[in-house]
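Residue numbers (my numbering), protein chains in the order written: chain P, 50 to 164; chain S, 50 to 164; chain A, 50 to 164; chain U, 50 to 164.
No wet-lab data here; the hints were simulated from the structure.
Honestly, I wouldn't trust all of these hints.
Each pair may be met inside one copy or between any two copies, as identical chains are not told apart.
[As the list claims (entries may be wrong)] No more than 20 Å apart at the CA atoms, straight line, and that leaves these computed lysine to aspartate or glutamate pairs for DMTMM-like: (1) K112 / E72; (2) K60 / D137; (3) K112 / E93; (4) K60 / E101; (5) K112 / D137.
Remember, predicted model here, so these are calculated numbers, not experimental data.
4 protein chains.
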Amino acid sequence: MEDLDIATLQKRLVDFAAARDWERFHTPKNLAMALMVEASELAEIFQWLTPEQSADVMSDPEKAFRVRDEVADVLAYLLQLASACEVDVLAALADKIERNELRFPMGREERKARG
Amino acid sequence: MEDLDIATLQKRLVDFAAARDWERFHTPKNLAMALMVEASELAEIFQWLTPEQSADVMSDPEKAFRVRDEVADVLAYLLQLASACEVDVLAALADKIERNELRFPMGREERKARG
Amino acid sequence: MEDLDIATLQKRLVDFAAARDWERFHTPKNLAMALMVEASELAEIFQWLTPEQSADVMSDPEKAFRVRDEVADVLAYLLQLASACEVDVLAALADKIERNELRFPMGREERKARG
Amino acid sequence: MEDLDIATLQKRLVDFAAARDWERFHTPKNLAMALMVEASELAEIFQWLTPEQSADVMSDPEKAFRVRDEVADVLAYLLQLASACEVDVLAALADKIERNELRFPMGREERKARG
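With the rest of the complex left out, here is chain P (with noise of 0.2 Å):
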């Protein structure tokens, strides 16, 4: 399905705000303001669930919806934010994955036992 790539799906949103006259609302301030709001939604789910009914969240189908569904919002406001900014949001995780590896190298005997 061509509509699951990430540009694709970045641009349907940048078109879907333009299409509703949104865009003076999107500055940069409020789409981090918006993403926060969505991450906290997300938090929420989980706010009083121990660590093992977290783990098993998905097991119940209202609880997953919701996560799916905030999962997606949180995504969207990123990649929106990230269109605003001009941030290449893939190139820009590689190379935090990359500066995270020398930050956080595996000690000799994680490595060993790794092989």
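Start from chain P and add chains S, A and U according to the hints.
Just chains S, A and U now, kept in the frame of chain P:
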């Protein structure tokens, strides 16, 4: 560059955590909390800026680096949470866009204006 | 009205939770998470507003009710977290103000301008 | 100590910002955003802790300092936002507790158990 595919990056993140024995920390609850903390660090960059300054944030190299870095951190925790909950982020987003298109239909005049 | 004392309100909140057997949910971690979620619901009221609209938020009765309600929720979780961690919120704030006065001293001209 | 009164501390915070000419930054929107960022810094202390470790957080002097410091920051922004919106925080909280007592009444058995 073969790394710049979302599924490949998601797998690298999961392997990175597993190699460091961080899986026991990575319950969905903790990952949702970490995601919210990172979204908040991204918002912090913008908190005292005017709308105009926020639109121009990427012209400051130090702020531009931070935006890119925090966007990567948000995406990293979102993908790790999605892995832990077995959510396909791109399918979830495509579904959400479709629900939003039904929820916020374009008015007749907007359609006309856009041909 | 004797209720309008912070220590009395804090005790009422703790008793309220204990009476409903909610203490097992009220770990410092969960209360910190709930506090963040409530702070986010407060921020949500402002997310698409211009600075000018935000300054005028209380002139809209429905928004004014929400602001007041979410301010109360944030304070409620903050006081419950403080009880769980045995933090005296007013002493902590007084100490912080003193540290900030050392960290951000007023310039000579500002002092002069203010006599 | 006369400083340890919420109204006095609130006035000191407002005067502190005014003396530094920070009022132009302190729109309700920006203060709500800063409040959320501080709530998130408080939550960050707990993000990888187990429920048991979180209950014991104050036994670690460095973490105890951070908890106390971030609790103060959250309260500081909450009081500044309340000043900007002319919300009486203690009255708002008392009202909310009353609404919650109607919304979550104690069951007959709970009342009996408590005499």
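Output the numbers, in ascending order, of every earlier hint that fails for this structure. Of the numbered hints, 1 and 4 do not hold.
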